[in-house]
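Input sequences plus hints: build the corresponding full structure.
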Amino acid sequence: MASPRASAPPPEIPEQNCWYREVQYWDQRYRNAADSAPYEWFGDFSSFRALLEPELRPEDRILVLGCGNSALSYELFLGGFPDVTSVDYSSVVVAAMRARYAHVPKLRWETMDVRTLDFPSGSFDVVLEKGTLDALLAGERDPWAVSSEGVHTVDQVLSEVGFQKRTRDLLGLHTRLELVLAAVSLLLGALLLGCFVALGVQYHRVAGKILESLDRGVSPCEDFYQFSCGGWIQRNPLPDGRSRWNTFNSLWDQNQAILKHLLENNTFNSSSEAERKTQRFYLSCLQVERIEELGAQPLRDLIDKIGGWNITGPWDQSNFMEVLKAVAGTYRATPFFTVYVSADSKSSNSNVIQVDQSGLFLPSRDYYLNRTANEKVLTAYLDYMEELGMLLGGQPASTREQMRQVLELEIQLANITVPQDQRRDEEKIYHKMSIAELQVLAPSVDWLEFLSFLLSPLELGDSEPVVVYGTDYLQQVSELINHTEPSVLNNYLIWNLVQKTTSSLDHRFESAQEKLLETLYGTKKSCTPRWQTCISNTDDALGFALGSLFVKATFDRQSKEIAEGMISEIRTAFEDALGQLVWMDEKTRQAAKEKADAIYDMIGFPDFILEPKELDDVYDGYEVSEDSFFQNMLNLYNFSAKVMADQLRKPPNRDQWSMTPQTVNAYYLPTKNEIVFPAGILQAPFYTRNHPKALNFGGIGVVMGHELTHAFDDQGREYDKEGNLRPWWQNESLAAFRNHTACMEEQYSQYQVNGERLNGRQTLGENIADNGGLKAAYNAYKAWLRKHGEEQQLPAVGLTNHQLFFVGFAQVWCSVRTPESSHEGLVTDPHSPARFRVLGTLSNSRDFLRHFGCPVGSPMNPGQLCEVW
1 MASPRASAPP PEIPEQNCWY REVQYWDQRY RNAADSAPYE WFGDFSSFRA
51 LLEPELRPED RILVLGCGNS ALSYELFLGG FPDVTSVDYS SVVVAAMRAR
101 YAHVPKLRWE TMDVRTLDFP SGSFDVVLEK GTLDALLAGE RDPWAVSSEG
151 VHTVDQVLSE VGFQKRTRDL LGLHTRLELV LAAVSLLLGA LLLGCFVALG
201 VQYHRVAGKI LESLDRGVSP CEDFYQFSCG GWIQRNPLPD GRSRWNTFNS
251 LWDQNQAILK HLLENNTFNS SSEAERKTQR FYLSCLQVER IEELGAQPLR
301 DLIDKIGGWN ITGPWDQSNF MEVLKAVAGT YRATPFFTVY VSADSKSSNS
351 NVIQVDQSGL FLPSRDYYLN RTANEKVLTA YLDYMEELGM LLGGQPASTR
401 EQMRQVLELE IQLANITVPQ DQRRDEEKIY HKMSIAELQV LAPSVDWLEF
451 LSFLLSPLEL GDSEPVVVYG TDYLQQVSEL INHTEPSVLN NYLIWNLVQK
501 TTSSLDHRFE SAQEKLLETL YGTKKSCTPR WQTCISNTDD ALGFALGSLF
551 VKATFDRQSK EIAEGMISEI RTAFEDALGQ LVWMDEKTRQ AAKEKADAIY
601 DMIGFPDFIL EPKELDDVYD GYEVSEDSFF QNMLNLYNFS AKVMADQLRK
651 PPNRDQWSMT PQTVNAYYLP TKNEIVFPAG ILQAPFYTRN HPKALNFGGI
701 GVVMGHELTH AFDDQGREYD KEGNLRPWWQ NESLAAFRNH TACMEEQYSQ
751 YQVNGERLNG RQTLGENIAD NGGLKAAYNA YKAWLRKHGE EQQLPAVGLT
801 NHQLFFVGFA QVWCSVRTPE SSHEGLVTDP HSPARFRVLG TLSNSRDFLR
851 HFGCPVGSPM NPGQLCEVW
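Just so it is clear: in the sequence shown, position 60 is 60 by the UniProt record's numbering, and no numbers are missing.
Everything labelled a hint here was simulated from the structure, so no lab data went into it. Check each hint, because a few of them may be wrong.
[Said to hold, decoys possible] Cβ pair distances, simulated, as ranges: (1) N349 x V488: 40 to 48 Å; (2) D646 x A598: 26 to 34 Å; (3) N349 x G621: 23 to 31 Å; (4) F268 x T572: 38 to 46 Å; (5) L785 x D646: 46 to 54 Å; (6) E408 x L458: 34 to 42 Å; (7) S271 x P859: 58 to 66 Å; (8) G621 x N236: 17 to 25 Å.
Where is the CB? At the ideal position from N, CA and C, for every residue including glycine.
As structure tokens, this is what we get:
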């Protein structure tokens, strides 16, 4: 559990002040530190926050001297400063702090005397001290006339860690006494002796991070990914239970730790009912004993309620539509197809019912169709199906055979599922029709009955419009349903419900899934703590209420303003490049500039989450209990269906986000022509206020350029500035665009991972965005330099700032992954693997090739550049 925020009672006062200098006194005082509340000398973090935060940066390596049992280090972590090392010369209190904050492995605790610090020079950027100087100076005869010995002690503390002190030249001080008093005044702003902040040079910290990730043994013109990430890969083996590890995963882990503290805080007392629901949901997920006690019974009861399951007992043989309505309507599983309400692509100011292909459990149709290559996966999947069937009451003699029939049905479904790389032309797959026309197309489902149930209490008629993505698929699904035995249909429908709900059941279901995941992704037995799983579940269920807590605890409003400024600079750079394209005609160019101008950007979080009533309204009607995690999940599915129904008769809300604020990602939405950057990604290494601009433009700047360029990739370019799917390109420019993208598709299709080729068509949109985003961000950086002049270079790195931009871009994508996970990415992910997001993009960049001097014919400069934007 998180440490209590209430401070401990006043400490035991020694008979003589000089005892404060003795470790025996502190060991005795902290003998019960593991069980006691923190004691805060002079006040807690909140007392000094306004003074500290302007001096600190999120990427600072912070050393806390004489930490005691203060919560300062943990509060710093929660405040967005994750790199904190704390030292104390009482081994008793250090052991207690390690135990108390074991759930935050990023915090480090060392037993060490501040007078003999054992750290290499340059290890930290910032030293924080709150009360320790009192102990060091306690032996002074007159603390207001500090002896040379006392000043030397202070000097040791600073020089031992290689910091740049605030000296006479900086503070304008003239005596050693003034140096001490001014130093402690930095935090208290008064005469509270014992508070000290020493700030080092930020660039040394940044340089260290860059250097430790590099592999200097590789030429940048041979393999820039290995050059930039080789050191990082060596230092970052895959954590247990993970199939891949990268910057995004690391940041999400950090965000989760912050959220854990906020939800488990003993003083949690929100005025928002939505936030209180968030805590109740999270705590219900942590009720492991209750979940184990219930076992499989909650799901067995649910199956019985909707008519039974042929695998586990009697079932209603005439109930196909009733089971379909319950499984896909009430509980939002997606057998055969998925139904949702969203903006109409051809009329983006209105919402419409939409139907698309779905129904496969494995990540891609490829796993079902290439049965020789995926025999191991299919066997593991069938084993998993059988084990879950048995856990729910199936009989050994029949369960595997019935599950094999379900698997065969999924294989037939995979055969008619359209591959993702054949669905990239949205104009071709969009089909708008009435429910009556949909009934003719796919008669095996009573669509009016099903959709009316799903969107109850709305009244629908045969003329209600529906957008279908893939008419051939739905037609074939209807035929498949008609030609499948009722018992197999029932088994398949209930299997979809089982898949959706087993994560809310006891550990046996989790253990069964782990076996499948090991085969599918190459992960070993998961070591993910329960609290981390529960944070993810809470994010899925009440993400914006959780986001309210996250933003209030961590997000700096000034970061939002700076990010908006960067977007403006990158947008300008992109539009300037549009004016130089020789293959685009003037009419299309003007329309493209207007679209770029019209892109709506949203930064950090939606405003409504900080308004308690508005936030409560979003989750009004969702019932959450602390006692039943399984029921909370069922309530969530039912609530989401009601929310969907509520949207149909309303226009799309432009300020509605598709990602929660704590998410480490970003997106472009074509029907709104908007780009969104949640608070979760506005952190190092993507963005840090005090980093060199080269790194910020190479990090979050490229992400911004990437999302902006999505408005003009092979799919985004089909939408106009209002977010409507319509032809707005002149034919000659469209032909030229397709010619340029064909080059890029061919380029990426030549790359291989473990002997398996990338699908250049599947990844085309993301590759266009990667290339265009890099170019826009680099041009924006050059414009910044023209306006502000050259910035200071990082020491010891041996890179110009222009080279640093490209290294910063590459190091964002440093990643490790299992072979199985790499294969899964190749068949499912619209993004190229991290390595080729770097190599492919930079080998098309004239600026990169120039600044690193890569000759034609070198691996990074094959001679032919593929450029779109």
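Verification of the hints:
no.: 1; hint: N349 x V488: 40 to 48 Å; in the structure: holds, 43 Å
no.: 2; hint: D646 x A598: 26 to 34 Å; in the structure: holds, 28 Å
no.: 3; hint: N349 x G621: 23 to 31 Å; in the structure: holds, 26 Å
no.: 4; hint: F268 x T572: 38 to 46 Å; in the structure: holds, 44 Å
no.: 5; hint: L785 x D646: 46 to 54 Å; in the structure: holds, 50 Å
no.: 6; hint: E408 x L458: 34 to 42 Å; in the structure: holds, 37 Å
no.: 7; hint: S271 x P859: 58 to 66 Å; in the structure: holds, 59 Å
no.: 8; hint: G621 x N236: 17 to 25 Å; in the structure: violated, 44 Å
Of the numbered hints given earlier, the model fails hint 8 alone.
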